[in-house]
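Turn these sequences into a full structure, and let the hints guide you.
Each chain, written out:
Protein chains: 2
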Amino acid sequence: MIGDWGPQDRSGLTPVPGGATAADGFRAGGVASGVKASGRPDLALVVADVPAGAAAVTTTNLVKAPACHLTDRHVANGRAQAIVINAGNANVCTPEGEAHAQRLADATAEQLGLLSQDVLVMSTGVIGVPLPVQRIEAALPALAAGLTRDGGDAAAHAMLTTDTRTKQVAYRVSDEQGSCVVGGMAKGVGMIEPAMATLLVVVTTDAPLSGPVGRQLLRAAVSRTFNRISVDGDGSTSDTVALLASGAAARPPGLDTLARGVAAVCADLAHAVVSDGEGATRVAAVTVRQAATEADAETLARAVATSLLVRAALHGADPNWGRILMAMGNARVDFDPRRVSVRCGGITVCRFGVAATFDRGQAAVAMQQPEVSIEVDLGSGDAAATVLTCDLTPEYVRFNAEYTT
Amino acid sequence: MIGDWGPQDRSGLTPVPGGATAADGFRAGGVASGVKASGRPDLALVVADVPAGAAAVTTTNLVKAPACHLTDRHVANGRAQAIVINAGNANVCTPEGEAHAQRLADATAEQLGLLSQDVLVMSTGVIGVPLPVQRIEAALPALAAGLTRDGGDAAAHAMLTTDTRTKQVAYRVSDEQGSCVVGGMAKGVGMIEPAMATLLVVVTTDAPLSGPVGRQLLRAAVSRTFNRISVDGDGSTSDTVALLASGAAARPPGLDTLARGVAAVCADLAHAVVSDGEGATRVAAVTVRQAATEADAETLARAVATSLLVRAALHGADPNWGRILMAMGNARVDFDPRRVSVRCGGITVCRFGVAATFDRGQAAVAMQQPEVSIEVDLGSGDAAATVLTCDLTPEYVRFNAEYTT
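Each protein sequence line maps, in turn, to chains C and E.
UniProt numbering numbers the first residue of the first sequence as 1 and each following residue consecutively.
UniProt numbering numbers the first residue of the second sequence as 1 and each following residue consecutively.
Derived from the structure by calculation, the hints contain no laboratory data.
Computed from a prediction, not measured in an experiment: that's the story for all the values here.
Please note that a few of the clues may not be correct.
[Stated by the list, open to error] In silico EDC-like cross-links for lysine to aspartate or glutamate, where the CA-CA straight-line distance does not exceed 20 Å:
(1) E:64 - C:96
(2) E:64 - C:371
(3) C:64 - C:96
(4) E:64 - E:98
(5) C:64 - E:334
(6) E:64 - C:24
(7) C:64 - E:336
(8) C:64 - E:377
(9) E:64 - E:96
(10) C:64 - C:98
The structure is reproduced here in structure tokens:
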């Protein structure tokens with residue numbers, strides 16, 4: 001992994017194939033329901049063999065999708081057995097949104113013989129257009145009948161929107177106590193005509209986890225991974241990260257080991273999302289160290305990672321430390337600029353607030369890599385945080401400016 | 001003026017030529033000192049005939065230019081007589097920054113026969129590179145000797161960096177009590193290799209104003225004009241707005257009238273700055289109305305105006321209300337999305353949180369204008385605020401990504 005991104009200790013973690021169905025006790029699948037005009041797959045289902053420990057984190061956007069509200073309600077008891085995901089229409093800002101989200105859950109439950117309460121819903125795509133819910137209802141029987149133990153890949157395809165590739169990862173996670181598998185899939189931050197970025201993530205494990213403990217693990221992982229990436233600087237109305245734990249693993253590892261597994265899966269998926277950012281050609285890990293608190297470090301790293309000028313400089317492979325200092329100076333966090341040092345691609349470009357002497361050719365080469373670390377030392381403490389971002393490119397603007405109505 | 005931007009009541013205001021030297025009691029000029037490698041003018045001076053009432057607002061960026069610190073100190077007594085402005089080097093993040101800012105003030109004072117304390121300093125340009133202060137000192141005698149009553153234009157040219165044109169405005173401001181002139185000049189939000197956006201503004205008037213009253217007028221005007229524009233979303237280390245009042249007007253208007261004059265000058269200059277944003281092809285006035293408080297309205301309008309997705313949609317002339325709602329939903333201001341209506345270019349595109357029926361061809365024409373209003377009604381109060389922004393273009397990214405080191 002790039003720079004300080006994700007858990008540094010990956011001992012006991014071995015990559016395995018299978019994505020969201022890598023862990024025992026899950027089946028999945030994906031089909032084309034006709035919601036996407038292109039006819040591409042747009043309906044995914046992930047189902048546990050038994051009621052699973054469940055947790056979810058949904059968007060903090062005030063304009064919140066009915067699917068997110070429904071998922072919040074259904075996951076509140078710490079239990080769920082299925083996640084239905086539709087792409088192509090976010091079911092947001094429409095008069096019938098709540099009724100349609102409920103119909104998705106009801107229809108899924110009916111096909112699977114579950115309680116509606118045990119179904120979580122994710123929707124992504126165009127907003128402000130009524131969801132053609134009948135098409136989804138019509139497609140669900142075949143999808144439910146065709147679920148397989150290796151259907152993670154089909155599900156990962158069916159949740160995509162403007163993503164250029166699927167995002168899947170899984171690890172076998174072992175320690176002296178035992179082992180389990182943690183896997184997952186994501187759809188990235190892609191704009192949908194005429195709407196918005198949405199992050200959807202499913203994490204599965206065969207470790208046994210109660211809902212409350214699962215929520216702890218998931219929140220801890222999300223706070224340092226999906227909450228520390230930036231492509232647009234905008235959070236969507238529909239962002240959802242959900243975890244299902246089937247309990248099929250006979251001898252699971254300790255909770256700390258499991259937590260590292262969940263964190264690694266979230267870090268890898270978050271990295272994949274940023275790498276596939278629209279128009280992005282380069283990923284940067286912005287790490288702020290020697291801060292008074294982790295919150296300070298995160299605020300400053302986020303200010304750098306979301307600065308248009310820094311992201312444009314990143315596109316130009318320009319180690320522009322002036323823009324980095326300026327972005328931090330706007331963040332309303334107290335620090336002493338005269339103590340700040342900055343490294344770009346491992347090369348010190350600013351030392352104690354003034355220009356360092358460095359080889360510009362060497363810096364250009366370091367900044368031209370597909371993955372670049374930007375490291376800032378504040379000299380005022382020992383807390384650190386890393387935020388992942390991508391370069392701002394003319395292609396991004398062109399893509400998001402296309403006349404869509 | 002576009003939409004609700006600037007003071008709506010412009011009665012008694014008549015445009016006049018002359019910019020920063022339109023008001024009586026001022027002389028100005030501009031020369032090339034050689035700080036800019038291009039040999040273009042880069043040193044400007046505005047001087048009052050007598051010690052003037054003075055006020056200034058400088059950047060809130062924690063990484064603050066030595067020139068800003070000096071200007072803060074020198075203006076604290078409410079009096080100043082000259083403003084020296086150099087372009088091409090911001091004198092920021094260099095070991096000798098404070099000494100060099102002082103030398104600029106001292107050398108200017110010496111040439112003009114003033115106290116150093118009565119000189120304000122503004123610097124803009126590259127950061128992290130020592131200011132070639134000797135070149136400025138060498139150029140000052142000729143500049144001071146060549147000051148003229150119509151030198152506002154020369155000064156406005158000499159303060160530019162990547163701006164494509166000068167920004168100058170002046171009004172004769174009259175009421176039953178009397179009249180005066182308020183004028184000014186600005187340099188816009190342009191990135192300097194390898195540095196940052198900087199906004200520099202000089203406002204002059206021949207009305208008599210004490211420093212404290214001048215500060216009140218200036219702060220009130222700045223809070224609704226220069227503090228409500230967005231090009232990069234980043235504030236610079238060097239932003240400065242300064243006001244000098246010569247007192248040469250024999251029969252000035254009332255204070256409220258004068259305040260409207262200052263507000264109009266600031267609004268016009270701020271509009272000129274946004275219009276000349278790098279790569280910008282279109283300006284939008286984002287007005288949020290029916291908010292509980294003006295602070296809420298401003299926060300929401302700013303969230304819309306700084307959203308990359310909204311600004312990219314603006315470039316594509318796309319009335320993308322979904323992105324507008326999403327940007328507001330992230331702003332941590334409480335509102336009810338089901339009460340929100342949105343007009344783009346005067347056309348209602350969202351009514352009470354859901355899609356409105358509108359003519360897409362008509363909307364496209366309305367959005368393709370060089371100036372577009374985006375109006376949001378919240379339905380939760382009667383406060384309003386307008387923030388000015390420009391479209392995000394591939395040219396902006398290209399310009400700011402150029403390899404500069």
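These are the hints, each one checked on the structure:
no.	hint	in the structure
1	E:64 - C:96	52 Å, violated
2	E:64 - C:371	31 Å, violated
3	C:64 - C:96	14 Å, holds
4	E:64 - E:98	11 Å, holds
5	C:64 - E:334	13 Å, holds
6	E:64 - C:24	57 Å, violated
7	C:64 - E:336	11 Å, holds
8	C:64 - E:377	19 Å, holds
9	E:64 - E:96	14 Å, holds
10	C:64 - C:98	11 Å, holds
Consistency note: the structure conflicts with the earlier hints numbered 1, 2, 6.
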